[in-house]
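**Q** Listed here are the chains, written in short residue letters.
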Amino acid sequence: MNVLIDKFDVFAGGFWLTLQICILAAIGALVLGAIVAVLRISPVPPLRALGTGYVNVFRNMPLTVVMFFAAFGLPALGSNADFLRIPVLDSLFTRLGTDLPYFRFALIALVLYTAAFVCEALRSGVNAVPAGQAEAARSLGLTFGQNLRYVVLPQSWKASIVPLGSVIIAMIKNSALAGFFGVAGDLSATADQLTGAEGYAFVPVAIGISIGYLIMTVPLGALLDRIEKRQAVAR
Amino acid sequence: MDDVTTGEPLIVLDAVNKWFGPLHVLDDVSLSVGRGEVVVVIGPSGSGKSTLCRTINRLEPINSGTITFDGQPLPAEGKPLAKLRSEVGMVFQSFNLFAHKTILENVTLGPIKVRKEKPTAARERGLALLDRVGIANQADKFPAQLSGGQQQRAAIARALAMQPKAMLFDEPTSALDPEMVGEVLDVMTSLASDGMTMVVVTHEMGFARHAANRVIFMADGQLVEDAPPAEFFANPRSERARDFLSKILTH
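Protein chains in written order, with the UniProt record's numbering: chain A, 1 to 235; chain B, 1 to 251.
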């Protein structure tokens, strides 16, 4: 088990890189997922079809395939995803700005894939608000926008938080795939480096990596439990 | 109760038809409700009485016929429809209080957001209304913390806060435990005697007898009888009404 102590800096570096991917991907997926959700509940049929099409494609495709498309398809199209070299952001998340594009490719794949699930979590929240709530708001004379803003969305948000959290936890674990698509040095790639190149035994290394992921996912799960309990009291 | 109507009627339905798919829920219904009049709608379940009530503020659109409110045909949608709805109070069977807002916030949301009243003034008026329906001490609680009867009285206060020209009640006591029916009917009776125009869908025959100016009996989507309560209960003209009354009054 000495590897955990001797190579602590390698684990810590991998942890930090994975955390960066997850933070950026979570933000991206929440924004894109919200947009797709609005499309899917919009009263305009073509927009609804667009949202539904998006969800059908990305929810039903294995993440590995999405990663392949991002890592090999984008370069084939001549793109290095340079639009993600966002000025201020790339000084905080340094891999965004590097010449090697694999961090950006993995990020794109993770965002596209996760957004489909974010959309469905948000939509299930809207559907969870009883129809009578919107009806009462309409009968008071609230407009469609006021109805969403003051009555439906504040309640759907509460119903969305827990499934949304599950989606993000799944995303953190899914991010492990990034290491196999050229993102050197993330938490999952740490295993390759330590067992392959440096000859450490696999089990202690795997334990170290698992601990890294658990540090991200367990507190998030606990936070969700707390939110859920607080909601139960308020309801 | 004497005839209290004056001037032109407030609500007029003329040859209204509505289908749910193949089901003809409103079959050529014509009805007019005068200002200050209390009309109670009764009938067996599935007769279309709730649908009738919900067409008046266009929660249910109709397929043919016309509905006018205060001399104006109901607007089809958008801002004019929202404005019309703000002038017609609605009370639902399942209360439909906004679950994430306190009782006082429920009552003040409409006045503040729709009528653009100042929050302090709206709160003051809201508290007075809650006091009127007897739940001023519940103002800062959430709907789920109140009994059914208290929730329904809060819902009535919420509708009254918009200072509506008429109030629609869609089976307001049907979801209540028996011991709470009285407190809600008391509030409705006092509203009626204050001269509020009301359309009330209910199974409470006692309320129909003592508070209504007219009783409407519906069956299979048709308006079968329209008579003062004393006359209707003593002497129903149609076979269906006699059958309905014999079923509910024998127990």
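Everything labelled a hint here was simulated from the structure, so no lab data went into it.
A couple of the hints might just be wrong.
[Said to hold, decoys possible] Simulated pairs of lysine-lysine, DSS-like, Cα-Cα distance not exceeding 25 angstroms:
| id | chain 1 | residue 1 | chain 2 | residue 2 |
| --- | --- | --- | --- | --- |
| 1 | B | Lys-83 | B | Lys-116 |
| 2 | B | Lys-101 | A | Lys-158 |
| 3 | B | Lys-165 | B | Lys-141 |
| 4 | B | Lys-116 | B | Lys-165 |
| 5 | B | Lys-79 | B | Lys-141 |
| 6 | A | Lys-158 | B | Lys-113 |
| 7 | B | Lys-141 | A | Lys-158 |
| 8 | A | Lys-229 | B | Lys-79 |
| 9 | A | Lys-229 | B | Lys-101 |
**Q** Does A:Lys-229 pair with B:Lys-79 here, judged by a C-alpha cut-off of 25 angstroms?
**A** 40 angstroms, violated
**Q** Does A:Lys-158 sit within 25 angstroms of B:Lys-141, going by the straight-line distance between their CA atoms?
**A** 19 angstroms, holds
**Q** Next pair to validate is A:Lys-229 with B:Lys-101; report whether the Cα-Cα distance is within 25 angstroms.
**A** Holds, at roughly 18 angstroms.
**Q** Just to be careful, I want the Cα atoms of A:Lys-158 and B:Lys-113 compared with a cutoff of 25 angstroms; is the pair within it?
**A** Satisfied, since the Cα-Cα distance of roughly 22 angstroms is no more than 25 angstroms.
**Q** When you check the alpha-carbon spacing of B:Lys-165 and B:Lys-141, does it fall within 25 angstroms?
**A** Given pair B:Lys-165, B:Lys-141 is violated - Cα atoms ~28 angstroms apart, limit 25 angstroms.
**Q** Just to be careful, I want the Cα atoms of B:Lys-83 and B:Lys-116 compared with a cutoff of 25 angstroms; is the pair within it?
**A** 13 angstroms, holds
**Q** Has the given pair, B:Lys-116 with B:Lys-165, been kept, meaning a C-alpha gap of at most 25 angstroms?
**A** Holds, at roughly 18 angstroms.
**Q** Check the hint pairing B:Lys-101 with A:Lys-158 against an upper bound of 25 angstroms on the C-alpha distance.
**A** 13 angstroms, holds
**Q** For B:Lys-79 and B:Lys-141, compute the direct alpha-carbon distance and say whether it is at most 25 angstroms.
**A** Violated: B:Lys-79 and B:Lys-141 sit about 32 angstroms apart, past 25 angstroms.
Hints 3, 5, 8 from the list above are not met by this structure, while the remaining hints are.
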